[in-house]
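2 protein chains.
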Amino acid sequence: MASRRLLHSAKALSLSAARPAVRRSAPALTSVRAVSSFVAGEPEAPVMKTSLPGPVSKGKIASLDSVFDTRNISILTDYNKSVGNYIVDADGNVLLDAFAQIASIPLGYANPALIEVAKTPAMINAIVSRPALGNFPPEDWEEVLKTGLLRASPKGLDKVFTAMTGSDANETAYKAAFIWRRQQERGGYDVDFTAEEMASSMNNEAPGAANGLSILSFKGGFHGRLFGSLSTTRSKPIHKLDIPAFDWPQASFPSLRYPLDQFEAENAAAEQACLAEVESLITTYHNKPAAVVVEPIQSEGGDNHASPAFFRGLRALTKKHNVLFIVDEVQTGVGATGKFWAHDHWDLETPPDMVTFSKKAQAAGFYYTNPELRPNKAYRQFNTWMGDPVRALLFKGIFEEIEKHDLVAHTARVGDYLFGEIEKTLAPKFPGQFENLRGKNMGTFLAFDHPKRDAFVKRVKELGVNIGGSGEATVRLRPMLIFEKGHADILLAALEKAASE
Amino acid sequence: MASRRLLHSAKALSLSAARPAVRRSAPALTSVRAVSSFVAGEPEAPVMKTSLPGPVSKGKIASLDSVFDTRNISILTDYNKSVGNYIVDADGNVLLDAFAQIASIPLGYANPALIEVAKTPAMINAIVSRPALGNFPPEDWEEVLKTGLLRASPKGLDKVFTAMTGSDANETAYKAAFIWRRQQERGGYDVDFTAEEMASSMNNEAPGAANGLSILSFKGGFHGRLFGSLSTTRSKPIHKLDIPAFDWPQASFPSLRYPLDQFEAENAAAEQACLAEVESLITTYHNKPAAVVVEPIQSEGGDNHASPAFFRGLRALTKKHNVLFIVDEVQTGVGATGKFWAHDHWDLETPPDMVTFSKKAQAAGFYYTNPELRPNKAYRQFNTWMGDPVRALLFKGIFEEIEKHDLVAHTARVGDYLFGEIEKTLAPKFPGQFENLRGKNMGTFLAFDHPKRDAFVKRVKELGVNIGGSGEATVRLRPMLIFEKGHADILLAALEKAASE
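Sequence lines, in order, name chains Z and L.
Counting with the numbering used here, you get residues -7 to 493 for the letters of the first sequence.
Counting with the numbering used here, you get residues -7 to 493 for the letters of the second sequence.
Worth flagging that the hints you see were computed from the coordinates, not collected in a lab.
Every clue listed holds true.
Residues of chain Z clear of chain L, computed beta-carbon distances all greater than 12 angstroms: (1) LYS147; (2) ALA262; (3) GLN425; (4) LYS489.
Which residues of chain Z face chain L? A partial, calculated answer using Cβ under 7 angstroms: (5) SER55; (6) ASN203; (7) SER223.
As the structure is a computational prediction, the values presented were derived from the model and not from experiment.
Yeah, the Cβ is synthetic: ideal placement off N, Cα and C, and Gly gets one too.
Chain Z extracted, bound-state conformation (with noise of 0.2 angstroms):
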């Protein structure tokens, strides 16, 4: 595992021949270092110099402050310095990131691979000569499609629409439902509509708006922040407040027990309650669900999980009612849970209708199959810009790096480690620290509960580990795919430190 490096050459390291040296002299807050099979160049522990933001950061973030919203800033970047599994802010303070930019940074920061990727000609014209993709395609859309995103389609899915957010992926799949749905109910793919239809719909109205049809979610679900992702979306207030939403419905989402060999029983009762009250909303609820959106794991709404059989009881009731089954998999997909989609644990019978992408996949959209998905008339799906050539070709690069290092499986195996290490040696150490462990077996796709936890996270991060939070108590963990044992034991120093004071 582990052996092969990515960087070989100096023209692989023109970006960061301009990079200062990182102070490997300086000592680490915790004394744990780790060389990186895969990265040259990368520091090999990180190095705190002030508190965090420090001085630098502050003036700065403070005069941005005058243009843009700062509120949200977690740390200044300076990406020049940045490499690797390590992210450097811009007082000169490196961090190990195990959170990835929101868990969308897949193969580390200025990954030699994709800097050539981002060198080609290719890359280049489609900065410059940027395709509106619906009317005016690249003549070898077809190939930068077949050698990349459809490359990586999912189990049973084998066509791709193209979009430019996780949030915009989403309400696209979204339109497609309703507008699938809407045709049956006129009677067919290819029934026209009525002058009624042509004109409510400008005005709003139903029949010609499908005001009367609905997008199931779940409790804890995060779905995206645009007007419909949004009404799907159910993780906080903070949200959602202030904005108008749709009235549709949402289903509980199992609420599991750890550890989950101790509450077998209970649990599956759990998730055949959720399973009854998702039926009961498709037969029921006012608005009836065109389709059922669910995350693998709600990821944002604090790394809830559920079982395989869930999932697989979701299709089931799915396929019965009629309605579509979209997965989200816009932070579980590509790699990080050690499947490439994280709904690859599920072995589902049939595939779901629609698995939407984006963060680290940095292209996004909808994978499909069924021909009826695509709208019976040109213009009914339809924008600007249809996705973004750049990130399609970053996807190819992304992907072929994936396969050559066979990193998800590697992410399976460092996953492994760092679960177990949590297991076995902090929780046990730590009682109350590091509660309802989750993601055994899903890579590094780990989370826990801690009673104090965004003093906590602030703490990590000060000693040099960049992790996130997620619900209301959740540490979330999102290394990318080059995260190995090494980086495992930096992080679990700086959370054992951190969980000893």
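Take the given structure of chain Z and dock chain L to it, following the hints.
Coordinates of chain L only, in the frame set by chain Z:
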């Protein structure tokens, strides 16, 4: 005018080195030729080898269709061969492009200055180490904004919220408006939420969800196709059918009679009637408007214009009733109207509250200045990407080229020429075919109605000039900012030939 050249060196030509020479000897379908003052290596005239789509395009489109919806395709494009004002298709047809990726290419294909921007370490870094801008912005983000997007700020607006697309930009502006209004209703910017608001928001219900508020838009307006933006879009049924929509009000947009100087009193009365309708909806609509959104020229909806007086009246009404005024410059912004922002034509007493942008800006977002349009707490306006540094860097390059070559003034001059030729030569010569000519003193942002619009547009394309349609019967011209008098002559010749047949 136009004596400078953007292209000077072999280095700048690196992308076009691999480009096969355009067959200059093939006869153009019209005899007009033009040498670009701005772009070395640009064809001198269209070259049509096949009908559209040609056999190669047809084959590739058929194959692509198995994985990607191809029914909206206009031209399957070879971007490696497209240069300057000319787009080349997969069959080698060379068309003068007066549509520019739905009004989204500002400076021509393979622009050498932008190629240099695309090759910079900063750009490569932005592609490979893509930040989640809200949490981890680059330490030089303020500089990127201040040397780019903020140099182009509309008068009176000094802050920017970056987004990913025009729809996204509009929806974030709408969210800012709803949050702003609900804080006022709550008693002020700093007043906290009630427990009831927090709880009801999670159920998509009032008072937590602002279901009693709305965005007022205009009949014929287009503001995007996500769920919130689509609720304000009132262009065509095909854009709206089968998608749930919010119960938001629409006002009539002035339907001016042309030529304007013959219908001054009638048009002024029509505009007053529309303003009265706006005021009535603001004061009486059951879901109270938090904002009015309007395009300076309704573009997708058929190139509908209104006078500066109308827009000043709209600004006055929104001020009077404490409703926000959002100007959607997604299509009109960045120079094509002969001003950098189309609303610069209005001579407003107070600036709009928000101005949204995308398309030719390549970057997207909204400008604002009132600090209370930034929500009172962090994470109320937030998402993973929060914009795209790739496009922020590109915008900086675009803006610098526009300034360097004074391309806005240039476009005003070319537009005046083109308008004059259509008005004085084509319209009288072909009665009924260049009806309701719009865009006098509005740069190259021109349009006219044609009784057989679709066939006419198709024929002009076959003659080697790519133009577009909007609304039901309108031909819209959307050249780039490097479109010159010579290109206008080629366009005019194609229009004349098509009209004469």
